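Student: Top line first, the protein sequences correspond to chains A and B. Numbering follows this note's numbering, with no gaps: position 224 of the first sequence is 224. Numbering follows this note's numbering, with no gaps: position 490 of the second sequence is 1490.
Treat the hints as calculated values from the structure; they're not laboratory data. Please note: incorrect hints may appear among the correct ones.
[Claimed, not checked] Straight-line Cα separation of at most 25 angstroms, PhoX-like style, residue types lysine-lysine; simulated pairs:
#1 B:K1464 x A:K469
#2 B:K1457 x A:K447
#3 B:K1255 x A:K519
#4 A:K469 x B:K1457
#5 B:K1226 x A:K239
#6 B:K1122 x A:K469
#7 A:K460 x B:K1490
#8 A:K436 x B:K1255
#9 B:K1490 x A:K521
#10 B:K1120 x A:K469
#11 B:K1149 x A:K239
#12 A:K480 x B:K1255
#13 A:K399 x B:K1255
#14 A:K511 x A:K578
#15 B:K1495 x A:K239
#16 A:K436 x B:K1149
#17 B:K1112 x B:K1490
#18 B:K1112 x A:K460
#19 A:K511 x B:K1500
#20 A:K239 x B:K1255
#21 A:K474 x B:K1122
#22 A:K447 x B:K1149
#23 B:K1500 x A:K239
#24 A:K239 x B:K1093
[Said to hold, decoys possible] Distance ranges between label pairs, derived from CB positions:
#25 B:S1031 x A:R159: 49 to 55 angstroms
#26 B:S1031 x A:N485: 53 to 59 angstroms
#27 B:R1042 x A:P479: 16 to 22 angstroms
#28 A:K602 x B:D1378: 50 to 56 angstroms
#29 A:L60 x B:G1327: 40 to 46 angstroms
#30 A:Q488 x B:S1414: 26 to 32 angstroms
#31 A:W113 x B:S1173: 46 to 52 angstroms
#32 A:G218 x B:K1219: 48 to 54 angstroms
#33 B:E1172 x A:P479: 30 to 36 angstroms
#34 A:G218 x B:S1031: 37 to 43 angstroms
#35 B:E1484 x A:F80: 27 to 33 angstroms
[Said to hold, decoys possible] Residues on chain B that point at chain A, a partial pick, calculated with CB under 8 angstroms:
#36 H1151
#37 W1157
#38 G1161
#39 S1210
#40 K1237
Predicted model only: the values in this text are computed from it and were never measured. We put the CB at the ideal spot given by N, CA and C, even for glycine.
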Amino acid sequence: MNSESTLWRNGSKLRGMIFFLLFYLFLSVYVDLRLLYYVTGATVGISGFPCEWSYLFETLSLPGGLVRYVSVFLTQFFMFRWIGPVVVVLQAWGIALCIDRIVEKCDGKWFGWVRYAPGIVILFFYTSYVYHFETTMAMLVVLGLFNLYITISSQKWQRSLILFVVLMVIAYYIAAAGSLLFLVMCVIYEIAVKKQGIAGVGCLLFGVAVPLLIGVYGFGVSHIGAYSELMPWSWRITKYDLLNRMIPWLYGMYGCMPACLLLMGFLKESERETRSSKRKSKSKKDKNKSRQKVRRTGSDGSGGVMKWVACTAILLGIAGGGAYYFVNDQLKTLYEIEYCRGESEWEKVLELANKQPGQLLSMQARNQALYHLGRFGDEMFNYQQHPDGLMLSHDAFTKSYWHKYHMYIDLGLVGQADEVLTESMVAFGDHPFILKKLALVNMISGKNQTARVYLGALQKRLFFGEWAKEYLVKLEDDPKLIGDNEIQRLRPLIPKEEDWRFLASPEMQLKAQIENVKKNKMAFEYLLALYMLRGEMWNVVEVAGRIEEYDYEKIPVAFEEAILLNNKHNKKKIPLRKLKIRAETKQRFDEFMAATIRYRTKDAARSELTGKFKNTYMYYYFYGIPE
Amino acid sequence: MISKKYIYTMLVMIVVAFSVGIGVFFDHDISEEIIDFVQVGREARIYPDYSSIVVPANIVSMNFAVREDGELYCVRIRSAKGNEIGVFSRTGKIVIDEAKWSSLLEQNKGEKLVIDVFCKDKDGKWLQYDAIHNTIASEEIDGYLVYRKIHPGYRTWRDVGIYQRELGSYTESVVLDNSYFKGGCLNCHAFCNNKTDKMLIGLRSGKYGSSELIVNDGKVNKIGTKFGYTSWHPSGKIAVYSLNKVYQLFHYARKDEYRDVMDIDSALAYYDVESVKVKRCDHLSKKDRLETYPAWSSDGKYLYYCSAPIKWPTSKMEEITQEMVEGVKYDLMRISYDLEGDKWGEPEVIVSAEESGKSSLEPRVSPDGRWLLFCMCDYSCFPVYQPSSDLYMIDLGSERADRKFVYRKLDVNSDASESWHSWSSNSRWIAFSSKRMHGSFTRTYFSYIDVTGVASKPFVLPQKDPGYYEGCLRTFSVPELVVEPVRTTKETLGKVVRGKIDKVVYVPISSATIKNEQWQERE
């Protein structure tokens, strides 16, 4: 019997190891938690970790503060591809260990599989790029305390009740309303498992009062907060769609252990009844026992291995199948694009954006990447285009703060960059990357006083302090930041100080960047492209006419095509003095026009033109402009 | 085999040793006698700037940081009477003992407060900077400050709260924050006669709707309409409020402040506390004018407010041009009122925009009735987004023969925006928001106003950590000085917010002007 249970236990350990190892690899290789950390706006609640005592005291001054403090600290490791997943896996593993112990203490051997349930749900969270680390941390704490409770609680209900009250207060302080899970589990344990009705009712009465007494009257938190912080029904979770989308699973995760305890209690009860009936027919039982023994002995060998393999396969199947179900490649690609854009990996941005050519967010990033690679004017029509895909000007992107930031900086529109970042900070938290960029934006625009506040906040953040301190020293020694090449590069791009115009539309913003002899090449290309994409040839004439003011050695292909198209159809021509349209462009244009003449209607010509001219502006002009 | 008892004893000893170590580390006396020192010949740079200011005797110790290079710092604070306070610091952070500070200031009202700053350089030589001379005012400031703390967002909000700060200590507590009603937005707060028994708080909530909380002698009610800028009549019987249809704008190319706000339409109405009715006066809700920022005179006989002509069709926002917006300049007006008969007089212009060339906003009359403090900026109605906004004052006791008043700019102004001012109950102190220190982030400043109306150099609200503001990502707006704490608990206020509207009011604003539900949010 001993060797059998040891074998089973070792098998179980091995399964756990395999599960958590694969869990780790999946998070590291596929999910990449850095995306969660870097792509601000994708996640709510990830903020920097201030390394200062006041932050510790401030957080600890509220129920749930300890869980929050530890969670914020550990989340900082999401920045590192191979370390972040260790944190998540350790948390899931901790929960599994707690469940193991609980199941063992409650003699619920059939419930050993539950140990993997929270881990699997956590896996689903991260596969969907949803951040519930604090809530799951609260669950870990509560399960740990429940373990302690069932280990040292006594058969005397009075002692159990005292112990419960002490642990409930601790649980509430550490995990805020997450402690309600502790309460529910204790009540079920007392009533269903230990059959101590009085203790159960006592636990319920005292437990419900703890958030009120400790939270509301002790710490002065609101009733809502006292009974909801760190629980799935907290408004801090339900308010945000980003967190809301996995809410049922969070409820499931919180509910699984109480449900199991309840079942364990029922099974124990039925076992007791079976035992008493068995006593009556002892002789029969002995025979059965010997038969069972024979069966077990038979299953010790290859049968045991088969069972282990089958169980492991089922476990991995559920986890893998669920993860497959929750995998959102489109979302992941968008996050990867943002990550690579932040790292200025433009080739990679291009490659990723090609995975979803019609997505406007990807389109906007791709256009920016093309510009950085010096290929925007030549290759823009090699890809799907849309007027809103240039600057995300559609109303639907009002809150796409993070996506617009890089583009605004490139265009020298620091006012807008400041605005989207500030809104982003308010909406998504004091994320160190936002603070860093806000500091930069303010330094570019010369608002050193404001920049100092962001740098001041950032210098206390884990992993970001050195960068901030360096800039604070720079601001002291060199207030104009003359020695900072990047800031000096960007400053000439920004609008004039005395310009008070409202610049309400992207068009006005781009126009402002090229007027009064300003030579913002990106703004020029974007404005021309914007008019081209809208098919506004009368505006194309105005902008394209200034092409020779910029340092082009040759006119980019798409612009050549636009010039040809305009000059063919419009009275007002685009004059070129120094630059020339290339012969091959002219030839391609003539071919296109000839093909259009051959057919009576636009639609009739489409199939022929699609094959040969799909990547030209002419084709976009006739077939691609959205109505 | 090591016994459990032995292990426990060892553990206890380790904990005790560790605690003692920590205690010794923090309690290590770094003070030393300064006998020889070299005069520097200038004042030390300190942050926040607490030099040449007038301080109230009842303010908490004003901790600061010495921003000079050094290995050790020493600060001595002294006055005519009482013991000198000495502080040594290795980091330059000067944290002053609160009890000693209070005692020193209490004993020396009306006297000078001298701060000697010494700094030990890396060669071990002590340097003495010129003494900082401040003055302790004879008159105290009100004991509490109530303000709204919010991130400097424009369209978005997350954690919004109205807080109160005890000025005699560093204690800050929540009056109401949005965690009490699941993340809604809190707006302006208004008190009657610098007391908190009558209070109004406006709020918006997706779940619980937009409403106004009215606290009247400890009883809290939820009014089914939301007030804009509000002013209580000194009698506490009525409260005049504004209705503002707000339009947000962006000067993307402007360096100082890219955000801007204008009222497309606005009007004033008043709430009668007893009859639970909202009333209006034709003069205060004219079709062709924007009326806003009501403020009662201390005797309740006049309502001061701001008014500007509407230069656009209110229904067609797309027709509003930049020139129109920048052409909006508000007159400072007043209108007489008879509380007994509920009768309004004729409006009169106090400061004409045409004459001043500026927009006059946010009037506040001192409780003694002598001074009218207000903002002037280049245009529009939202001074906190106008770097040109400065504080001006009128002596209401010096009305000219032509019934005009002379206004003057206060010495408290900076290059940045000054706004959201309030008076202390004794009319000797003002609190206001300024962006001078940290650009986009407003901070609360105080200034002493002497009997002749001269303002002293302002100083920022003291914090325990002198570096607090350097990383503070919240703005402090609408600082209101009150003599007592808000006693209605946040839980009570929150419960009322979450409850049903218990005072349904009819808003008799004509269709010609702004409708009540069009009120919008702004800082």
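Student: Each hint should be assessed against the structure and marked as holding or not.
Tutor: Hint check results:
For the given pair, K1464 of chain B sits about 22 angstroms from K469 of chain A by alpha-carbon distance, which is consistent with the 25 angstroms threshold. The suggested pairing of K1457 of chain B with K447 of chain A holds, with an alpha-carbon distance near 24 angstroms, which does not exceed 25 angstroms. The straight-line distance between the Cα atoms of K1255 of chain B and K519 of chain A is roughly 20 angstroms, inside the 25 angstroms bound, and the hint therefore holds. Of the pairs offered as hints, the one joining K469 of chain A and K1457 of chain B is violated, with about 31 angstroms between alpha carbons and a cut-off of 25 angstroms exceeded.
For the proposed pair K1226 of chain B and K239 of chain A, the alpha carbon gap of about 23 angstroms is at most 25 angstroms, so the pair holds. Among the hinted pairs, K1122 of chain B with K469 of chain A is consistent with the structure: their alpha-carbon atoms are about 22 angstroms apart, no more than 25 angstroms. For the given pair, K460 of chain A sits about 31 angstroms from K1490 of chain B by alpha-carbon distance, which is inconsistent with the 25 angstroms threshold. Restraint check: the Cα-Cα separation between K436 of chain A and K1255 of chain B comes to about 19 angstroms, which is no more than 25 angstroms; the hinted pair holds.
This hinted pair does not check out: K1490 of chain B and K521 of chain A have alpha carbons roughly 55 angstroms apart, beyond 25 angstroms. This hinted pair checks out: K1120 of chain B and K469 of chain A have alpha carbons roughly 24 angstroms apart, not beyond 25 angstroms. Taking the CA atoms of K1149 of chain B and K239 of chain A, the gap is about 21 angstroms. The hint holds against a cut of 25 angstroms. Distance hint between K480 of chain A and K1255 of chain B is fulfilled; the C-alpha atoms sit about 15 angstroms from each other, no more than 25 angstroms.
As the CA atoms of K399 of chain A and K1255 of chain B are separated by approximately 23 angstroms, the hinted pair is consistent with the 25 angstroms bound. Of the supplied pair hints, the one linking K511 of chain A and K578 of chain A holds, its CA atoms being roughly 24 angstroms apart against a limit of 25 angstroms. With a CA separation close to 20 angstroms, the supplied pair K1495 of chain B and K239 of chain A stays within the 25 angstroms bound. Restraint check for K436 of chain A and K1149 of chain B: the C-alpha separation of about 22 angstroms stays at or below 25 angstroms, so the hint holds.
For the suggested pair K1112 of chain B and K1490 of chain B, the alpha carbons sit about 40 angstroms apart, so the restraint of at most 25 angstroms is broken. For a cut-off of 25 angstroms, the pair hint linking K1112 of chain B to K460 of chain A is broken: about 37 angstroms separates their Cα positions. This hinted pair does not check out: K511 of chain A and K1500 of chain B have alpha carbons roughly 51 angstroms apart, beyond 25 angstroms. Restraint check: the Cα-Cα separation between K239 of chain A and K1255 of chain B comes to about 35 angstroms, which exceeds 25 angstroms; the hinted pair is violated.
Distance restraint check for K474 of chain A and K1122 of chain B: the Cα-Cα separation of roughly 22 angstroms lies within the 25 angstroms cut-off, and the hinted pair is therefore satisfied. Restraint check for K447 of chain A and K1149 of chain B: the C-alpha separation of about 22 angstroms stays at or below 25 angstroms, so the hint holds. With a C-alpha separation of about 21 angstroms, the suggested pairing of K1500 of chain B with K239 of chain A holds against the 25 angstroms cut-off. Between K239 of chain A and K1093 of chain B the CA atoms are separated by roughly 41 angstroms; this puts the pair beyond 25 angstroms, and the hint is violated.
S1031 of chain B and R159 of chain A have their C-beta atoms about 54 angstroms apart, which keeps the hinted 49 to 55 angstroms range intact. A hinted range of 53 to 59 angstroms for the beta carbons of S1031 of chain B and N485 of chain A is inconsistent with their spacing of about 47 angstroms. Taking the beta carbon of each, R1042 of chain B and P479 of chain A are about 20 angstroms apart, inside 16 to 22 angstroms as hinted. Distance hint check: the CB atoms of K602 of chain A and D1378 of chain B are about 54 angstroms apart, consistent with the given range 50 to 56 angstroms.
Taken as a hint, the range 40 to 46 angstroms is violated for the pair L60 of chain A and G1327 of chain B, whose Cβ atoms sit roughly 54 angstroms apart. Taken as a hint, the range 26 to 32 angstroms holds for the pair Q488 of chain A and S1414 of chain B, whose Cβ atoms sit roughly 28 angstroms apart. Evaluation of the 46 to 52 angstroms hint for W113 of chain A and S1173 of chain B yields a pass: the beta carbon distance comes to about 49 angstroms. For the pair G218 of chain A and K1219 of chain B, the supplied restraint of 48 to 54 angstroms is violated, since their beta-carbon distance comes to about 26 angstroms.
Look at E1172 of chain B against P479 of chain A: about 33 angstroms separates their beta carbons, and that is inside 30 to 36 angstroms. Against the hinted window of 37 to 43 angstroms, the Cβ-Cβ separation of G218 of chain A and S1031 of chain B comes to about 39 angstroms, which satisfies the hint. The hinted window of 27 to 33 angstroms between E1484 of chain B and F80 of chain A is violated, with their beta carbons roughly 52 angstroms apart. A least Cβ separation of about 4 angstroms between H1151 of chain B and chain A falls short of the 8 angstroms threshold, and the interface hint therefore holds.
Residue-level restraint check for W1157 of chain B holds (minimum Cβ-Cβ distance to chain A is 6 angstroms; threshold 8 angstroms). Annotation: interface hint on G1161 of chain B violated; nearest CB of chain A at approximately 11 angstroms, more than 8 angstroms. For S1210 of chain B, the interface hint is violated, the least distance from its beta-carbon to any beta-carbon of chain A being 17 angstroms, above 8 angstroms. A hinted interface residue such as K1237 of chain B counts as satisfied when its beta carbon comes closer than 8 angstroms to some beta carbon of chain A; here the least separation is about 32 angstroms, so the hint is violated.
In summary, the structure is inconsistent with hints 4, 7, 9, 17, 18, 19, 20, 24, 26, 29, 32, 35, 38, 39 and 40 from the numbered list given earlier, while agreeing with the others.
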